[in-house]
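Here are the chains, one letter per residue:
Protein chains: 4
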Amino acid sequence: MPETPEKQQTADERPVRRQARGERRIAQLLEAAASVFCATGYTSASTNAIAREAGVSPGTLYQFFPNKEAIAIELGDRLMHEMRATYGEALAPVDPATPLEEAVGAAVDRFVAFNCDHPVFFALMHGPDIPGRITEEHDALHATLVARIEVLLSSFLPDTPAADITRTAHVCLGMYKAGLELALAHEGAEREAYVRELKNVLFRYLEPLISGRTVTPADVTTPPAPTDVTRTPSS
Amino acid sequence: MPETPEKQQTADERPVRRQARGERRIAQLLEAAASVFCATGYTSASTNAIAREAGVSPGTLYQFFPNKEAIAIELGDRLMHEMRATYGEALAPVDPATPLEEAVGAAVDRFVAFNCDHPVFFALMHGPDIPGRITEEHDALHATLVARIEVLLSSFLPDTPAADITRTAHVCLGMYKAGLELALAHEGAEREAYVRELKNVLFRYLEPLISGRTVTPADVTTPPAPTDVTRTPSS
Amino acid sequence: MPETPEKQQTADERPVRRQARGERRIAQLLEAAASVFCATGYTSASTNAIAREAGVSPGTLYQFFPNKEAIAIELGDRLMHEMRATYGEALAPVDPATPLEEAVGAAVDRFVAFNCDHPVFFALMHGPDIPGRITEEHDALHATLVARIEVLLSSFLPDTPAADITRTAHVCLGMYKAGLELALAHEGAEREAYVRELKNVLFRYLEPLISGRTVTPADVTTPPAPTDVTRTPSS
Amino acid sequence: MPETPEKQQTADERPVRRQARGERRIAQLLEAAASVFCATGYTSASTNAIAREAGVSPGTLYQFFPNKEAIAIELGDRLMHEMRATYGEALAPVDPATPLEEAVGAAVDRFVAFNCDHPVFFALMHGPDIPGRITEEHDALHATLVARIEVLLSSFLPDTPAADITRTAHVCLGMYKAGLELALAHEGAEREAYVRELKNVLFRYLEPLISGRTVTPADVTTPPAPTDVTRTPSS
DNA sequence: GATGAATGAGGATTCATTCAT
DNA sequence: TATGAATGAATCCTCATTCAT
Numbered sequence: 001m002p003e004t005p006e007k008q009q010t011a012d013e014r015p016v017r018r019q020a021r022g023e024r025r026i027a028q029l030l031e032a033a034a035s036v037f038c039a040t041g042y043t044s045a046s047t048n049a050i051a052r053e054a055g056v057s058p059g060t061l062y063q064f065f066p067n068k069e070a071i072a073i074e075l076g077d078r079l080m081h082e083m084r085a086t087y088g089e090a091l092a093p094v095d096p097a098t099p100l101e102e103a104v105g106a107a108v109d110r111f112v113a114f115n116c117d118h119p120v121f122f123a124l125m126h127g128p129d130i131p132g133r134i135t136e137e138h139d140a141l142h143a144t145l146v147a148r149i150e151v152l153l154s155s156f157l158p159d160t161p162a163a164d165i166t167r168t169a170h171v172c173l174g175m176y177k178a179g180l181e182l183a184l185a186h187e188g189a190e191r192e193a194y195v196r197e198l199k200n201v202l203f204r205y206l207e208p209l210i211s212g213r214t215v216t217p218a219d220v221t222t223p224p225a226p227t228d229v230t231r232t233p234s235s
Numbered sequence: 001m002p003e004t005p006e007k008q009q010t011a012d013e014r015p016v017r018r019q020a021r022g023e024r025r026i027a028q029l030l031e032a033a034a035s036v037f038c039a040t041g042y043t044s045a046s047t048n049a050i051a052r053e054a055g056v057s058p059g060t061l062y063q064f065f066p067n068k069e070a071i072a073i074e075l076g077d078r079l080m081h082e083m084r085a086t087y088g089e090a091l092a093p094v095d096p097a098t099p100l101e102e103a104v105g106a107a108v109d110r111f112v113a114f115n116c117d118h119p120v121f122f123a124l125m126h127g128p129d130i131p132g133r134i135t136e137e138h139d140a141l142h143a144t145l146v147a148r149i150e151v152l153l154s155s156f157l158p159d160t161p162a163a164d165i166t167r168t169a170h171v172c173l174g175m176y177k178a179g180l181e182l183a184l185a186h187e188g189a190e191r192e193a194y195v196r197e198l199k200n201v202l203f204r205y206l207e208p209l210i211s212g213r214t215v216t217p218a219d220v221t222t223p224p225a226p227t228d229v230t231r232t233p234s235s
Numbered sequence: 001m002p003e004t005p006e007k008q009q010t011a012d013e014r015p016v017r018r019q020a021r022g023e024r025r026i027a028q029l030l031e032a033a034a035s036v037f038c039a040t041g042y043t044s045a046s047t048n049a050i051a052r053e054a055g056v057s058p059g060t061l062y063q064f065f066p067n068k069e070a071i072a073i074e075l076g077d078r079l080m081h082e083m084r085a086t087y088g089e090a091l092a093p094v095d096p097a098t099p100l101e102e103a104v105g106a107a108v109d110r111f112v113a114f115n116c117d118h119p120v121f122f123a124l125m126h127g128p129d130i131p132g133r134i135t136e137e138h139d140a141l142h143a144t145l146v147a148r149i150e151v152l153l154s155s156f157l158p159d160t161p162a163a164d165i166t167r168t169a170h171v172c173l174g175m176y177k178a179g180l181e182l183a184l185a186h187e188g189a190e191r192e193a194y195v196r197e198l199k200n201v202l203f204r205y206l207e208p209l210i211s212g213r214t215v216t217p218a219d220v221t222t223p224p225a226p227t228d229v230t231r232t233p234s235s
Numbered sequence: 001m002p003e004t005p006e007k008q009q010t011a012d013e014r015p016v017r018r019q020a021r022g023e024r025r026i027a028q029l030l031e032a033a034a035s036v037f038c039a040t041g042y043t044s045a046s047t048n049a050i051a052r053e054a055g056v057s058p059g060t061l062y063q064f065f066p067n068k069e070a071i072a073i074e075l076g077d078r079l080m081h082e083m084r085a086t087y088g089e090a091l092a093p094v095d096p097a098t099p100l101e102e103a104v105g106a107a108v109d110r111f112v113a114f115n116c117d118h119p120v121f122f123a124l125m126h127g128p129d130i131p132g133r134i135t136e137e138h139d140a141l142h143a144t145l146v147a148r149i150e151v152l153l154s155s156f157l158p159d160t161p162a163a164d165i166t167r168t169a170h171v172c173l174g175m176y177k178a179g180l181e182l183a184l185a186h187e188g189a190e191r192e193a194y195v196r197e198l199k200n201v202l203f204r205y206l207e208p209l210i211s212g213r214t215v216t217p218a219d220v221t222t223p224p225a226p227t228d229v230t231r232t233p234s235s
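Chains as they are written, first to last, in the UniProt record's numbering: chain A, 1 to 235; chain B, 1 to 235; chain C, 1 to 235; chain D, 1 to 235.
Simulated from the structure, these hints should not be mistaken for lab results.
Watch out, some of these pointers could steer you wrong.
For lysine-lysine, the following DSSO-like pairs were computed, each having C-alpha atoms within a straight-line distance of at most 30 Å [said to hold, decoys possible]:
{"hint": "1", "chain 1": "A", "residue 1": "K177", "chain 2": "B", "residue 2": "K68"}
{"hint": "2", "chain 1": "D", "residue 1": "K68", "chain 2": "C", "residue 2": "K68"}
{"hint": "3", "chain 1": "A", "residue 1": "K68", "chain 2": "B", "residue 2": "K68"}
{"hint": "4", "chain 1": "B", "residue 1": "K68", "chain 2": "D", "residue 2": "K68"}
{"hint": "5", "chain 1": "A", "residue 1": "K177", "chain 2": "A", "residue 2": "K68"}
Quick list of the computed label-pair ranges, beta carbon to beta carbon [said to hold, decoys possible]:
{"hint": "6", "chain 1": "B", "residue 1": "G22", "chain 2": "C", "residue 2": "E31", "range": "26 to 32 Å"}
{"hint": "7", "chain 1": "A", "residue 1": "S57", "chain 2": "C", "residue 2": "E31", "range": "39 to 45 Å"}
{"hint": "8", "chain 1": "B", "residue 1": "D139", "chain 2": "D", "residue 2": "N67", "range": "28 to 34 Å"}
{"hint": "9", "chain 1": "D", "residue 1": "A85", "chain 2": "C", "residue 2": "A189", "range": "35 to 41 Å"}
{"hint": "10", "chain 1": "B", "residue 1": "P58", "chain 2": "D", "residue 2": "A140", "range": "56 to 62 Å"}
{"hint": "11", "chain 1": "A", "residue 1": "E31", "chain 2": "B", "residue 2": "G22", "range": "50 to 56 Å"}
{"hint": "12", "chain 1": "A", "residue 1": "R25", "chain 2": "B", "residue 2": "A185", "range": "34 to 40 Å"}
{"hint": "13", "chain 1": "B", "residue 1": "P66", "chain 2": "A", "residue 2": "E102", "range": "50 to 56 Å"}
{"hint": "14", "chain 1": "D", "residue 1": "C116", "chain 2": "C", "residue 2": "G59", "range": "46 to 52 Å"}
{"hint": "15", "chain 1": "B", "residue 1": "A27", "chain 2": "A", "residue 2": "E31", "range": "30 to 36 Å"}
{"hint": "16", "chain 1": "C", "residue 1": "D164", "chain 2": "B", "residue 2": "P66", "range": "41 to 47 Å"}
{"hint": "17", "chain 1": "D", "residue 1": "S44", "chain 2": "A", "residue 2": "E31", "range": "41 to 47 Å"}
{"hint": "18", "chain 1": "C", "residue 1": "P66", "chain 2": "B", "residue 2": "S57", "range": "34 to 40 Å"}
To list a few chain C residues with every Cβ distance to chain D over 10 Å, as calculated [to be verified]:
{"hint": "19", "residue": "T43"}
{"hint": "20", "residue": "E53"}
{"hint": "21", "residue": "C116"}
{"hint": "22", "residue": "N200"}
Glycine included, C-beta positions come from ideal geometry on N, C-alpha and C.
Put together the whole structure using the sequences plus the hints.
Spelled out as structure tokens, the structure:
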């Protein structure tokens, strides 16, 4: 992605200009797409509407994106970039010494805040139609988020098998998304209440996995939750 | 008009006679709709496709349903009826003496089983496009399910304000749906693992809310997290 | 048209019953059709809507009328019958001694009154779509009305060639219809004003044609137009 | 966006460049629409038929017109423009010294001639379905014509209240339309005869309203009907 | 006679995408 | 590059009419 308009110190300015213009167009289009996706959802968004919103012709749109999905994918990519730029590689500072509750709370707050700043995010995460068929752009977004959550979880559960970590990450993301949907469906105090509940859900879900860990840095070898109902050790 | 109430020997005798064929058609159409909804999702499902799947002409479809949404609504209604017929009014036997874990486990198992039997259910619950816009059929289904969960919760939390019960029910349903989506996205042992996780999520989320009920402090091995973030009364 | 339910003196009552029932159905359907035509116009009226309005099934409608136009035709016929029954063969008592102004005024008033009593009349006269294509039912109505006007005109203009009478009749009817449309488009005093204008139009148009004729009562024996251009009395 | 106001050498230079093809298409489509409207009437005309007649795909039609009515409206607008371009602002030269008969005769002749040149005009004026429902395009056309007639009438009747002028204009237009319909339904000599009659109708209707104008009583050969029913000032 | 189911072509309109300029 | 025109299949839905019962 040529988003480096930086100096380009030599005389060869033409291509830069071109690319710069193209970059602007792309940004314009993505912004328009974000707006339209938010307003009508991905499936109902028409490329013509996006072009109109961006103030360009449909032909121009197709000069930069081969089809509708490509727009969503690029949008998702940029969103992930932005997220990474803002919050780093994981969803929260991965200091395992942080109390879980705090870590979860912070992660949720960030997640929510990010969504409020970039409402498209939610529209994109919400797979367009049928849950079985996973569209590429959804998938990319999803995979990236799962990865980020895995990073976070791994720091708390260093000895847990990868498969379990992955599953837990998926569960967390699913709950995140569901909770976010609930929160966004309400406003003001009620929204906050839902955010609180989401934190509770996640914290309580994860807590036993971390268990005994009163997090004396010393004894944290993640003893596998004695009374845990969950995770069957094997698979 | 054949309102001829002749004989009327049994209770199940409808006042109409000619509807026999029609009733069959309706069932046929709903079945086709279910199939198409599952295959392509609600929004992308076309009435023509449904008619084609049912082996009738589009006109016939519109003889029985005024529009696409009506089909979804009727489908949802029948599903709820079936659920009620199969499992009774609540999601689980409402005996408050039942250990929460068992109750949650049973409810989830039933929910999952029902969804495996009737895959449309999931397709219908999945809001079609933009989360803001709530379609009627989605709404009806959702409301019914929330109500059922409220019944279940009330038996465990008799003293909790209605607003909190409702919110908790929404949270539970949201998590249910998210967990179901995860489970259905996998198969075999992995699916079971996800189901187990869903049970954990719900149980752990609800457990602290229930504490102090009929539960003798003795058997509580997970003491309700002293620094619990739970439901702060006001805001 | 079997609209003679008169005695039918013998014992053979079955067929009468049948016909009576059929007559009722037909009347029912025509009434419904009138209502629907008025509400939506002829072209937009659907046979299904008419059947529904009549409280019968579409199949039943087609048992009595071969198609939509037949309904309009029959409706028009009945309307003409009613008109004839109410006002006699001409649009006004054909006493040529009547001052033209009075005759025109009376004719217009009757025409307007009839239309207020039978609003379908207007809907039917208003040819459905394209003025060139004359539909049968429109044509029948039109022809009958022209004939009636010709009768009226002939009594005033006994010596005018048939072609001219016919043309004048067409002109009168055209103005009648146009004036009626204007009148019906308004209400109360304004409607009355338009009716007055219509009378003026017709009176002033016809007056010069009648001209010199101060019509001394003496010579008025209603000579049935020896050179009658018009309608052969019989038919 | 090519708003490039380059040179702008003449006044007829539109700010757009690529519309050349489009403008042609629009003309093409309007022509096709005119043809179809004439052939089947407005209501029965289908957009697909218009597109087909124009030799383009339905989508192309909708690139230029948002719906069927917009086509009719544009068609009407262009027609009014043409009329204005051809005949000026009023239906006839507004010199009040012109004898009424001449003025009316000229106006009718022009009206008829215009309709012969542009047969759609008539199809558009003909309200499509039910007289109550006035469609926009009909309304616009109608209003423009009424305004033009009002201009004409005002020059002859400077002292008449606006409401009366308006009503008279409506009456005139109504009669115009009715007479036109009659004339167009015939051909050759008969058509001319109908046109003559239309002139008579209008002239005789208006004449008494004008009496006493610049007309010296001497030249009034038709003394204004002593018992004239005409315009009663107030009621 | 009466019913209601069935038809299927046709209605207006949309949309992702391509193409000539 | 950018434009706007062009496409055509697909969308939902309607309707006059027929048919089995």
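Okay, the hints, checked on the actual structure:
With a C-alpha separation of about 28 Å, the suggested pairing of K177/A with K68/B holds against the 30 Å cut-off. At roughly 25 Å between alpha-carbon atoms, K68/D and K68/C fall within 30 Å of each other, so this suggested pair holds. Proximity of K68/A to K68/B is assessed by CA-CA distance (about 25 Å); at most 30 Å being required, the pair is judged to hold. Restraint check for K68/B and K68/D: satisfied, since their Cα atoms lie roughly 25 Å apart, inside the 30 Å limit.
Taking the CA atoms of K177/A and K68/A, the gap is about 24 Å. The hint holds against a cut of 30 Å. Range check, G22/B to E31/C: about 28 Å between beta-carbon atoms, so the 26 to 32 Å window is met. The hinted range of 39 to 45 Å is not satisfied by S57/A and E31/C, whose Cβ atoms lie roughly 57 Å apart. Taking 28 to 34 Å as the suggested C-beta distance range, the pair D139/B and N67/D conforms, at roughly 31 Å.
Take A85/D and A189/C: their Cβ atoms lie about 39 Å apart, and the range 35 to 41 Å holds. For the hinted restraint 56 to 62 Å between P58/B and A140/D, the CB-CB distance of approximately 37 Å leaves it violated. Remark: the range hint 50 to 56 Å for E31/A to G22/B is upheld by a beta-carbon distance near 51 Å. Hint check: R25/A to A185/B, Cβ distance near 37 Å, so the stated range 34 to 40 Å holds.
The hinted window of 50 to 56 Å between P66/B and E102/A holds, with their beta carbons roughly 54 Å apart. For C116/D and G59/C, the Cβ-Cβ distance of about 47 Å falls inside the hinted range of 46 to 52 Å, so the restraint holds. Separated by about 48 Å at the C-beta atoms, A27/B and E31/A break the suggested range of 30 to 36 Å. Taking 41 to 47 Å as the suggested C-beta distance range, the pair D164/C and P66/B does not conform, at roughly 57 Å.
Separated by about 46 Å at the C-beta atoms, S44/D and E31/A satisfy the suggested range of 41 to 47 Å. The given range of 34 to 40 Å is broken by P66/C and S57/B, whose C-beta atoms sit roughly 24 Å from each other. Distance check for T43/C against chain D: the nearest CB is about 5 Å away, which does not clear 10 Å, and the non-interface claim fails. Distance check on E53/C: its Cβ is at least 16 Å (rounded) from any Cβ of chain D, clearing the 10 Å threshold; non-interface status holds.
Chain D leaves C116/C outside its interface by the beta-carbon criterion, the shortest separation being 14 Å against a cut-off of 10 Å. In this structure N200/C is not separated from chain D by more than 10 Å, as the shortest Cβ-Cβ distance comes to only about 6 Å.
Hints 7, 10, 15, 16, 18, 19 and 22, counting from the list given before, are not met by this structure.
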